Structures are given as C-alpha cells and as structure tokens.
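A.B. asks: Residue numbers (my numbering), protein chains in the order written: chain R, 39 to 288; chain Y, 39 to 288.
I should point out that these hints are in silico values taken from the structure, not numbers from a laboratory. Keep in mind that the hints are not guaranteed to be accurate.
Treat identical chains as interchangeable: a pair holds within one or across any two.
Each computed BS3-like pair below joins lysine-lysine, with the alpha-carbon atoms no more than 27 Å apart [to be verified]: (1) LYS203 <-> LYS245; (2) LYS245 <-> LYS120; (3) LYS97 <-> LYS203; (4) LYS245 <-> LYS97; (5) LYS120 <-> LYS97; (6) LYS203 <-> LYS120.
Computed from a predicted structure; not experimentally measured.
2 protein chains.
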Amino acid sequence: MTGTSNRSVERAFRIVDELAENGSGRVSELAERLDMPVSTVHNYLQALVSTGYVAVEDKEYSTTTRFLEVGHRQRHRLEVFKAVSDELQDIAAETGEHVTLLVEENDQCVIVAVQEGPDAVNLFAYPGARMPLHAAAPGKAILAHMPDDRVREIIDRQGLVEMTKQTITDPDVLFDQLERIREQGYAVDEGERIAGMVCLSAPVLDKGDRIRGAICVCGPQSRIDEARREEIADIVQRSANVTQVNLDYV
Amino acid sequence: MTGTSNRSVERAFRIVDELAENGSGRVSELAERLDMPVSTVHNYLQALVSTGYVAVEDKEYSTTTRFLEVGHRQRHRLEVFKAVSDELQDIAAETGEHVTLLVEENDQCVIVAVQEGPDAVNLFAYPGARMPLHAAAPGKAILAHMPDDRVREIIDRQGLVEMTKQTITDPDVLFDQLERIREQGYAVDEGERIAGMVCLSAPVLDKGDRIRGAICVCGPQSRIDEARREEIADIVQRSANVTQVNLDYV
DNA sequence: AGAACCATTCGACGGAGCCGAACGTTTACT
DNA sequence: AGTAAACGTTCGGCTCCGTCGAATGGTTCT
Numbered sequence: 039m040t041g042t043s044n045r046s047v048e049r050a051f052r053i054v055d056e057l058a059e060n061g062s063g064r065v066s067e068l069a070e071r072l073d074m075p076v077s078t079v080h081n082y083l084q085a086l087v088s089t090g091y092v093a094v095e096d097k098e099y100s101t102t103t104r105f106l107e108v109g110h111r112q113r114h115r116l117e118v119f120k121a122v123s124d125e126l127q128d129i130a131a132e133t134g135e136h137v138t139l140l141v142e143e144n145d146q147c148v149i150v151a152v153q154e155g156p157d158a159v160n161l162f163a164y165p166g167a168r169m170p171l172h173a174a175a176p177g178k179a180i181l182a183h184m185p186d187d188r189v190r191e192i193i194d195r196q197g198l199v200e201m202t203k204q205t206i207t208d209p210d211v212l213f214d215q216l217e218r219i220r221e222q223g224y225a226v227d228e229g230e231r232i233a234g235m236v237c238l239s240a241p242v243l244d245k246g247d248r249i250r251g252a253i254c255v256c257g258p259q260s261r262i263d264e265a266r267r268e269e270i271a272d273i274v275q276r277s278a279n280v281t282q283v284n285l286d287y288v
Numbered sequence: 039m040t041g042t043s044n045r046s047v048e049r050a051f052r053i054v055d056e057l058a059e060n061g062s063g064r065v066s067e068l069a070e071r072l073d074m075p076v077s078t079v080h081n082y083l084q085a086l087v088s089t090g091y092v093a094v095e096d097k098e099y100s101t102t103t104r105f106l107e108v109g110h111r112q113r114h115r116l117e118v119f120k121a122v123s124d125e126l127q128d129i130a131a132e133t134g135e136h137v138t139l140l141v142e143e144n145d146q147c148v149i150v151a152v153q154e155g156p157d158a159v160n161l162f163a164y165p166g167a168r169m170p171l172h173a174a175a176p177g178k179a180i181l182a183h184m185p186d187d188r189v190r191e192i193i194d195r196q197g198l199v200e201m202t203k204q205t206i207t208d209p210d211v212l213f214d215q216l217e218r219i220r221e222q223g224y225a226v227d228e229g230e231r232i233a234g235m236v237c238l239s240a241p242v243l244d245k246g247d248r249i250r251g252a253i254c255v256c257g258p259q260s261r262i263d264e265a266r267r268e269e270i271a272d273i274v275q276r277s278a279n280v281t282q283v284n285l286d287y288v
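All chains, full assembly: derive it from the sequences and hints.
C.D. replies: In structure tokens, the structure reads:
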C-alpha cells in the first residue's frame, strides 16, 4: 500500500472512467476534460483500442462490451451469486418490491444483482452501483457480521458520510445498531440512504460464519407499514437461509 | 491505426485479461503465466488496485465489480438495448427457447442480452460473449445489412474460421446467403456455430437502414422442424419490427 | 476560398517505469 | 518446534519509453 504506482495505468483508467461516465467522447473533448495534452490522450486511446476495451466509430471513442464480459465472468464466480439463484426472483414476485443482492468490496457496498417486482419503484440501482456500507440496510447487515476492528478501520478510512438527515453519523449509534441487527437477524433502514425509502435486509453467511453478502428489499415508506415490515423481514431472512444452505452445497 | 502504443497500458490489460480468464491470481502465478518479472507484475497490480478495477484479498487478486458497472452503463446507452425492452422476454415465453440480442463490435458478433425460455438448452451464452460474424444466424443477419466492401474488409481481417463442419468458409457461398437473407428478411443457421443447434435471427435496422443489431432464437435441431422454423422466423421478424419502431421514437 | 477546428504524426528530451537483488513474511515439510 | 523453500514486498540505479510541442493533413464551417 505504498505510494508505488504507475502513471500510465492510472491515466488509462482515468480515460476509461471518463468514457464510462459520459458514454463517449472525442479526443480533444476528453483532453480538455481530463486536462491532458491532446496528443497524449490520442496515444492512450489508440493503446486502449488495441486492447479491445475501447472502440472508435467516426472519431467517437467509447467503452466496449469487454467490460460487460469481464464483469459477468467475475459475477459468475461469486459464489453468493450462484447460490442466490432464483431466490431474488421469488422475493420480487412475492413482495412486488425492488430486490437486490449486495456484497462488500473495497469498503463499499456493491449491488451484484437486481430483480424488480411488479410494483417496484424506479431506483437508480444497477449491477455495479456502489453505496457506503453504513448508510443502507444491506451495508449494516454486512458490517454487523464483520469483526469490530474491521468495522472501525472502514469508518476510519471512509468516514460516516451523511446521505440524508436520517443517516447514522455517530460511530456509537452505529455499533449499537449492529448489535441489534445481530440479535434480530436482519437490518432496517428508514430513509438513511434515500429519503422516503424503507429497506429490509438479511445477511448471507457461509458455514464459517463469514459474511458473504446481503439480500435486500426496498420500497416506499408509504407502502411499508409495521406489519408489512415484519412480513418482509421474515421473507428476506428465510431467503438468506436458503442461500446459505445452497452456498454450503456448491 | 499505426503501431503507436503504450506498453504500460497493454501490460495492464494483459493482466486484467488473465484475471478475467482465471478468476483470480497471485503475484508470482501471474508473473509466470504472463512471462513478466515478479516485481513488475506486483507494481502493476498495485496500480490496478488503486484504480479500483482490481481488488486484493489475502494476496489473491481479482477483477472488481467496476467492470460490471462500466459494462452496464455502456449497455444502457446502447439504444437497441433500450428499444428491445421486454421483447426478448416475450419471445422467450412464447417460444420457450434461448433468446439473445446481439450487436456488431470490432468485427465480431457480441451478445448484449440473454433471456432463457422455460425449455432453453444451456448454451455458454452470457452478455459480452463473442463469436465470429459469419458463423451464426445473427452475425449473418448483421453482415447482410452492411455495405459489401465492409463485409469484404471483415473477411480479410478475420477470415472465415471453421467452427463446425457446417460453417460457411467460402466467401462466395457467404455472399449468396447474405443476398437470400436480405430477400427473406431473416437468417438461419443449422449447426454452423454449434453442432446440433438451429438459430433463427432477424436484423434490427434504424430509419436510415443502418444495422443496429439482431434478435436471435436458438434451439436444438431435434425440436425445431420445418414448421416450427417458420413460426419462429415470423416471431423474430415481428419483434425486430417492433424494436425498430421503438428505436425511432426514443 | 479562407478560417477555424480537430485528429493524427513526428521526434527529441527527460523522467518514469523497469527489474535484479535484498529483505521480510508466510507456508510446507521434517 | 525448527528449518527450508516459496512467495510477497521494498529498494534504487539504469535505461528505455512515454511525453508533449509543433507540424501536418483532413474536415466543416462561414
């Protein structure tokens, strides 16, 4: 973790990030936005094209489906993903809401799979989308099953960023909640990440009790009252258990 | 398209490719497989980790979900993908078979979306998977709607690789078929890519008659006789038309 | 036809990447 | 437990390769 790095690699991926962000770009446009010399950007783009990760069409550069491919292969190797198989779909049908599978990666909470039920609200949720661990039900479910010092490290590095007025920003409050989550077996989040949304999430553990991910159901506060909340909590816990069993027999 | 390149970029992506291929890897393992000095690979991996595209856990390096994210964003911007919306699902339900959306990229035919019907055979098909254009129904549907000299260029660069005994390897035969495909509005492939599989595919064109992609249904030869073939051909053509209309109104 | 803009090529300079070797650390075997 | 082998990581000096200004060629305006 020393400062050792490689300028070219860093720059190449800054260009990729820029392309991913804005969909496509021309040489000079990118050069300006990234504050690099035009000829340099041109060189990088040529190099990227020759790798197959970037394509040109009429001087418009864009990322290729190679990213999809690499991403999908990687996802396929995530054992949780295999184990969760049709569970997500079942939950989506049963609850009608927005269902996701998330894992931890680089101190963040990442969506791995999305399944929208018939009544699902349109969230900005797609595979690969990231969010802070502390500011959402699945993230908290994951933190609850990590060693305390690991949690503290994450807080140190990432802080407890406020996403809405409900977001937990006090470490003590967070640790209290994590304890409760361990006791009751699932996590709740009431507008802590997105105002007006309630999320319920259960952790998926493997046989060594290591945390592998979390299953999450999200819906608007107006539709999810106390009773419904308990019902959904039961469903996600049941599914997490099924997944856990699948995980051990893969 | 000159030889101008960037060694660092090339090497960085060779490492990524290797990780994508084998799922994960350790420093020395990768160093040997890629025939690079250990310390060099170590440097690259550190650089890649700092970009967020690669992660380490217990000295095991692997690609991150960042690839999924970039891939999904890119796919979302593919207008065909938006336009095809629920069509794939409908076809999968109606035919029971394996349904895909494909586009051309870098002289190749790439799967963009997959929808498996209830009876679908388990093909090795995932978003991002690539195949030669000449050796499959969707590829031929796409070639049929490209300018002839563009097709010739592709043949020059890629050749007509033989994938099964049925694969078309003679340019003249190919050009004859492309003409027939234009006439009848859809393409057929009988075991040209995978022995024993029949695929039917219709091209999706935009209002400028530019080819944007192809919708494809695949199933085992045993199940798809003459009559069924016509039925499916009608379905994919109808869906391609719907998609085309959507495309113009997006 | 001229002007403005952009992509692409070229080449000389200098700093950044490179890798062998040394150092720690983990794993495997006795 | 002790030793050896294998591996990951750090270091630093040499050199090669990336860098970017300037020139070129092409395209799209007015």
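A.B. asks: Should LYS203 paired with LYS120 be assigned to within, between, both, or neither, using CA atoms and 27 Å as the limit?
C.D. replies: neither (36 Å within a copy, 35 Å between copies)
A.B. asks: Reference check for the pair LYS245 and LYS120, CA-CA at most 27 Å: within, between, both, or neither?
C.D. replies: within (16 Å within a copy, 41 Å between copies)
A.B. asks: As a check of your reading, is LYS97 near LYS203 (CA-CA no more than 27 Å) within one copy, between copies, both or neither?
C.D. replies: The answer is neither: 45 Å in one copy and 39 Å across copies each exceed 27 Å.
A.B. asks: Are the CA atoms of LYS120 and LYS97 at most 27 Å apart within a copy, between copies, both, or neither?
C.D. replies: between (40 Å within a copy, 24 Å between copies)
A.B. asks: Can you tell me if LYS203 and LYS245 fall within 27 Å by alpha carbon in one copy, between copies, both or neither?
C.D. replies: Result: close neither inside a copy nor across copies, 37 Å intra and 48 Å inter.
A.B. asks: Checking an output row: LYS245 and LYS97, CA cutoff 27 Å. Within, between, both or neither?
C.D. replies: Intra 52 Å, inter 22 Å, cutoff 27 Å: inter-copy only.
Violated hints, in rising order: 1, 3, 6; the structure is consistent with all others.
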